[in-house]
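Residue-level listing of the chains:
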Amino acid sequence: MSDEADSDKMNDAQIVPSSPGPIPDPGLEPYVERYSDTDPEVGRRVYRQIVTMYGLVPILAVAFVVFYFAIPRDAAVRFGPLHTSAMNLALGGTAGLAILLIGLASIHWAKQVMDDRESVDERHELASSPEDRKAVGQIWRTGAEESRLGRRKMIGLALGSALGALALPALVSLADLGPKPTSKLRAETIERTIWAEGVRLVNDVTFAPVKASDMEIGELVNAQPENLEKLEGAERQVERAKSSIIIVRMDPDSIKIPDSRKDWQVGGILSYSKICTHVGCPISLWEQQTHHLLCPCHQSTFDLGDSGVVVFGPAARALPQLPITVNSEGYLVARSDFTVPVGPSYFERDSRHDFKKGDN
Amino acid sequence: MASPTGTAETSPATEPRTPEQTTSKNPVTGTLSWADDRLGLAKVARGGLRKVFPDHWSFLLGEIALYSFVVLLITGVFLTLWFKPSMAEIDYQGSYQLLRGVPMSEAFASTLDISFDVRGGLLVRQIHHWAALLFVAAAMAHMLRVFFTGAFRKPREVNWLIGVGLFMLAMVEGFAGYSLPDDLLSGTGLRFVDGLIRAIPLVGTWLEFFIFNGEFPGTAIVPRLYMVHILLVPAILLGLIAAHLSLVVYHKHTQYPGPGRTERNVVGYPLFPVYMAKAGGFFFVVFGVITLMAAFMQINPVWKYGPYNPSQVTAGSQPDWYMGWLEGAVRIMPNWESHIGHTTWSWNIFFPGVLLMGVLMTSLVAWPFVERWITADNSYHHILDRPRNVPTRTALGVAAMTGYAMFWLSGGNDIIATHFHVSLNAVTYFMRAAVFAAPVIAYHITKRTCISLQRADLQRLEHGSPSGEIVRDPSGRFTEAHAPISRDEAYSLTQQRELPVLEATTGDDGAPVGNGISKRRARLSRWFLGANMAKPTADEIHIEKEAEPSHRAAELDSSESASQPSVEKAGSAH
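Here the protein sequences line up with chains A and B, keeping their order.
Under the numbering used here, think of the first position of the first sequence as 1, with each following residue one higher.
Under the numbering used here, think of the first position of the second sequence as 1, with each following residue one higher.
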């Protein structure tokens, strides 16, 4: 970065005058004695304070132990609108105060009792002397010579490539950190959900199937596929992160339904992925009058009355819509899986088939 | 080895011997001499015990970070005794009634156990969380102190780089720890990071599958982050902290300008006993205050959030404070995404989430070297800059802080909107402009303020300090008499190094010469140094004409003579 010539020249100028300014160094300020040194009464008081602070610590430590065994774990302390765990308050109060007192007493001792005359340390040269540098150069050359590397260059090369080659097994052994997201695996994982033709839409708390006739205009239901209930543990979490949906009913005359999605809805009942296309938060802040759905994480806003297009915020793609219909019993069922991958973008995602504003 | 050629009549091993009587004149005997015989401790102690450290409140910021880290180690060990880093699902059967029977991961259940069933567990959890927040905050404040006072300059550039590494790792460590309880809030944070990783062009999906062992959330991430949080990152942090402190000891601490303070000395109090008591005491103060915070102030009540469920989120979800600026950047970023062929390039996530962090890091790493290049200043610096005396650096620092603050505020755009009853969209649009405009405004205000403060110093030097005495002269005019300032103050105010503005070296044809100063570098040098007020000469300075007290003169002489040899020997034997 810096020019070689420059830095060389400036090596001589590294030693700076001790006082570069117009005023010569007046030396340390004269020492002023403390009250605790000049007034014996103050001195005694400080002494008492320090000993008292240290002396309180064993008492607090014992109090801690007493509280630890005496206070029931579920006891609470109420103070006006506030309430807290009695155990936490008692243990924290005694331990915190005890620890703090050790610190305060020590600092008080250092500031009021210990000698407070400033002392001066001279700085040492940080760099090695030219003799040292020269000697190291000489040692290096001797060692290099003794290694015979100058004449047997291939050893160095072979060692270098041997060490470099070790990086290969080291890196490769990390390959089992996870499965390779090949197009086949992606199609089975992040590009599909458990939605399929005929899967009923169920309430995500009660798992009760949702009847089309029960939905009011303006209503929003958080829903899941019926077959989620059969899954457990991690599998259920993975599916929830993809197949969660919201069902909304809007007045069909007040929303835009493109021709290609005429039969994806049932009388103004539409279903969208609940997973934000930005970074994957579940969305359900519903503005009933505007048909907007707002993500609480980064405020991306989607217009559910216009096939879920983005109207505000950092999300770039419309919310995927789940094609639904009713079965013979009047329950809402999926017509298929989502037609595009749900959730946040990834590099290999083919985003040409997402709904864009103005599509029909 | 040669075999013995014969057997001796007597063996030395069989001859009786009495141990050598060591008569020690040294008071260091017994255990101490036992240890010193083996470890040579006295040599180290002789050189180190009376090492001088300067006193200033701003030097305590780094100490707070260090002590918070120690508190984190102590409380962290306690927490590992009960925490189970497992994402296996169980039905909670602990003593928190509201979540009984709810399916949750073992990680979350064990966090509840620590909070409700282990006595003192909640306290230690809260100490750990508060200490983590304080650790990053103190490290950042310390870094700002070092930046504004120019303590990163030669010879301390390497320690600055170590500090930048520590700061980065502290954020990673904090985030990893925050994610472990597997509650609704931390799970949402992980979901965000999953989206962030996915958005990295070319390798994002691979990284996601490798980090999460397949799809989000899976069962691998909590155990993996646990290893990162309690082993990998703390080990690196410990190593870097050791290096950081060793370099502080080797370089000796910087000091502020003042009487008796020079580039060749350090003025303060000795390690033993004063700094042992002060710094040791300060550790207990930091620990004590954090413990009291944990006793009185709730932090991260995970039982209220409940276990992680990818289909739920709470409005107003925020990360811990140090991730707030990235969160804000992600929130206000326009929704740029390119679809090229069958690929998706998520600039809307990659720029603010990944690249911005890279920009901050690169700037921090590069700054000491950029400044050195601009100023061509290759000398050692042990006296700290007063921020006003380096207006451009100070202004850049304040601009960066302002930009950071704007991003950070953007991370709470929903909270701002709901609390102040303003439109969320308006707040977001405003912030998009503010992250660019506010730093520029802050830069100019700071630079002008610094120059004004330099002028005020200059006025004080040349005209003295207002005495408060109003004098009426015969013509009826009122003036305020000025008292000369002390020699000590005049010295402190003129101690800064004046660096010349570089001139471009051009040949006859106007083109820059070989290794000379290019026009661009000269322009940068003028921008960086050009606004500084020139120091007054000794004649222009109005100071007390008191006679030097003899003891001070003597002190000055002795310190001068003591420092002289070390300068002349510079470069000779060390």
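These are computed hints drawn from the structure, not numbers from a lab.
Where is the CB? At the ideal position from N, CA and C, for every residue including glycine.
Treat each hint with caution, since some may be false.
What the hints assert, rightly or not - Across the chosen pairs, the derived CB separations fall in these ranges:
1) Ala426/B with Lys262/A: 35 to 43 angstroms
2) Thr506/B with Leu149/A: 43 to 51 angstroms
3) Val501/B with Val32/A: 20 to 28 angstroms
4) Met168/B with Leu185/A: 43 to 51 angstroms
5) Leu185/A with Lys154/B: 48 to 56 angstroms
6) Val32/A with Ala45/B: 27 to 35 angstroms
Said to hold, decoys possible - Below, a list of computed lysine-lysine pairs in the BS3-like style, where the Cα atoms sit at most 25 angstroms apart:
7) Lys252/B with Lys304/B
8) Lys111/A with Lys262/A
9) Lys43/B with Lys304/B
10) Lys252/B with Lys84/B
11) Lys111/A with Lys51/B
12) Lys111/A with Lys519/B
13) Lys51/B with Lys154/B
14) Lys134/A with Lys154/B
15) Lys262/A with Lys134/A
Hint by hint, which ones does the structure fall short of?
Structure breaks hints 3, 4, 7, 8, 9, 10, 12 and 15.
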